[in-house]
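Student: Assemble the complex: chain A is given as a structure, and chain B must be docked to it using the hints.
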Amino acid sequence: MFKDFVFLYVEDDPLSREVMNVIMRNAMGVEALTMFHDSANFIERLRALPQKPDIILLDIHMKPDDGFALLKMLRRLPEFQYVRVIALTASVMNEEVEQLRTSGFDGAIAKPLSIHTFPDLMERILRGETVWHIA
Amino acid sequence: MAYRVMEKAMVMITPETISALIQALDSSDSLVRQNSGYMLLDAGTEAVPALIEAMRTPSRRMCWEAARLLSRIDDPRWFAPMIEALSSDNILLGQVAVKTLAGFGRRVTLALSAALDTSHPLVRPHIIEALGTLGDFRAIRPLMMLLYNERNSTCRYLAIEALTKLHALEAVELIKSFSDDENHHVRERVQIALRRLLDDPSSPQ
Chain A
1 MFKDFVFLYV EDDPLSREVM NVIMRNAMGV EALTMFHDSA NFIERLRALP QKPDIILLDI
61 HMKPDDGFAL LKMLRRLPEF QYVRVIALTA SVMNEEVEQL RTSGFDGAIA KPLSIHTFPD
121 LMERILRGET VWHIA
Chain B
136 MAYRVMEKAM VMITPETISA LIQALDSSDS LVRQNSGYML LDAGTEAVPA LIEAMRTPSR
196 RMCWEAARLL SRIDDPRWFA PMIEALSSDN ILLGQVAVKT LAGFGRRVTL ALSAALDTSH
256 PLVRPHIIEA LGTLGDFRAI RPLMMLLYNE RNSTCRYLAI EALTKLHALE AVELIKSFSD
316 DENHHVRERV QIALRRLLDD PSSPQ
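From first to last, the protein sequence lines are chains A and B. No gaps in the numbering here: position 130 of the first sequence is 130 in our numbering, and each next residue is one more. No gaps in the numbering here: position 5 of the second sequence is 140 in our numbering, and each next residue is one more.
Worth double-checking, as some hints may not be accurate.
[As the list claims (entries may be wrong)] Below, a list of computed lysine-lysine pairs in the DSBU-like style, where the Cα atoms sit at most 35 Å apart:
no.: 1; chain 1: A; residue 1: Lys52; chain 2: A; residue 2: Lys72
no.: 2; chain 1: A; residue 1: Lys63; chain 2: B; residue 2: Lys300
no.: 3; chain 1: B; residue 1: Lys300; chain 2: B; residue 2: Lys234
no.: 4; chain 1: A; residue 1: Lys63; chain 2: A; residue 2: Lys52
no.: 5; chain 1: B; residue 1: Lys234; chain 2: A; residue 2: Lys63
no.: 6; chain 1: A; residue 1: Lys3; chain 2: A; residue 2: Lys63
no.: 7; chain 1: B; residue 1: Lys311; chain 2: B; residue 2: Lys234
no.: 8; chain 1: A; residue 1: Lys63; chain 2: B; residue 2: Lys311
no.: 9; chain 1: B; residue 1: Lys300; chain 2: B; residue 2: Lys311
no.: 10; chain 1: A; residue 1: Lys3; chain 2: A; residue 2: Lys52
no.: 11; chain 1: A; residue 1: Lys3; chain 2: B; residue 2: Lys311
no.: 12; chain 1: A; residue 1: Lys72; chain 2: A; residue 2: Lys3
No wet-lab data here; the hints were simulated from the structure.
Just chain A, with the same shape it has in the complex:
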């Protein structure tokens, strides 16, 4: 079911990108996955993509702009107002988890990513569910 969807993952940690790549391509059969290694010139690079993503997965702690800032930029643009944006986080601090819930993300998934849970969570998100799979 995943091969018809377009995914974008913005993540500065190379190991997290590697695990996402293997799970999405090998286990889920995703064909359209783009990864940005940092958040610089985010909107410019997003607009330059050949296909508009159906799902954008954002790491939270990135430079120069963090995941919260990227979400704000996205929601200001009419063409990305309704794209589903999911936060990926390793944080367990209550304040940050609360901030994720109130800032407008369509869901959040805890890192490290697991092959046992990630495909099911993505399936639920693609069905329109809001998924909060965090500490």
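Tutor: The following block gives chain B in isolation, referenced to the frame of chain A:
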């Protein structure tokens, strides 16, 4: 149920059939893989040697699917290959091996601890999490060793979490030494660990 019986009756399970079903585990079509998996599960222990062999092939997808199927067949022959798989370069296979073996509880503590040194950096976090969950004090020393030497920040914060779950009071000084770690997730876990271990060491985590 009747449908499953009919389906089983229609397909004679021969070595050739099993071989074809194993090949189908590498299909890019998830439905083909799923159907093949059902039939291999129907074959049960007869399919185990071929599935073990498939778990050792270079195809990431086939290895992973084979390991997932083996974990659902009650047969002791896959136990040792599953332990080997903890050290595989295939991270999907490694993750399946960790979850499957963790189902055996404290009987696998030593095998999981040994794999801390040999596993892929993307499988190791899952081994650390499993060791924290198993609740076996024999994991404390290996986790402390790992924390002391580990360069990967994900493994460091997960080791601190696992040691906290294990009530590892002997690890308090070591955990404290990461209070100024370069990674903020590690620093967060240090705060939580010290609060839980020192403020109320007898409380369950």
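Student: Given the hint that B/Lys311 pairs with B/Lys234, does the C-alpha gap stay at or below 35 Å?
Tutor: 30 Å, holds
Student: Holds or violated: A/Lys72 and A/Lys3, Cα atoms, limit 35 Å.
Tutor: Holds: A/Lys72 and A/Lys3 sit about 28 Å apart, inside 35 Å.
Student: Under the criterion that the straight-line Cα-Cα distance not exceed 35 Å, is the pair A/Lys52, A/Lys72 satisfied?
Tutor: 18 Å, holds
Student: B/Lys234 and A/Lys63 were given as a pair; does the straight-line alpha-carbon distance stay at or below 35 Å?
Tutor: The hint holds at about 34 Å.
Student: For the pair supplied as a hint, A/Lys63 and B/Lys300, confirm whether the alpha-carbon distance does not exceed 35 Å.
Tutor: Holds. A/Lys63 to B/Lys300 sits at ~32 Å (cutoff 35 Å).
Student: Taken at face value, is the distance from the CA of A/Lys52 to the CA of A/Lys3 at most 35 Å?
Tutor: Between A/Lys3 and A/Lys52 the Cα gap is close to 15 Å, so the pair holds against 35 Å.
Student: Take the C-alpha atoms of B/Lys300 and B/Lys234, compute the straight-line distance between them, and say whether it is at most 35 Å.
Tutor: 18 Å, holds
Student: Does the alpha-carbon distance linking A/Lys3 and A/Lys63 stay inside the 35 Å limit?
Tutor: Roughly 30 Å separates the two Cα atoms, so the pair holds.
Student: Next pair to validate is A/Lys63 with A/Lys52; report whether the Cα-Cα distance is within 35 Å.
Tutor: 23 Å, holds
Student: Sort out whether B/Lys311 lies within 35 Å of A/Lys63, counting only the CA atoms.
Tutor: Given that 35 Å is the threshold and the Cα spacing comes to 28 Å, the pair holds.
Student: If you draw a straight line from the CA of A/Lys3 to the CA of B/Lys311, is it 35 Å or shorter?
Tutor: 46 Å, violated
Student: Can you confirm whether the C-alpha distance between B/Lys300 and B/Lys311 stays at or below 35 Å?
Tutor: Holds, at about 16 Å.
Hint 11 from the earlier list is the only one contradicted by this structure; the remaining hints agree with it.
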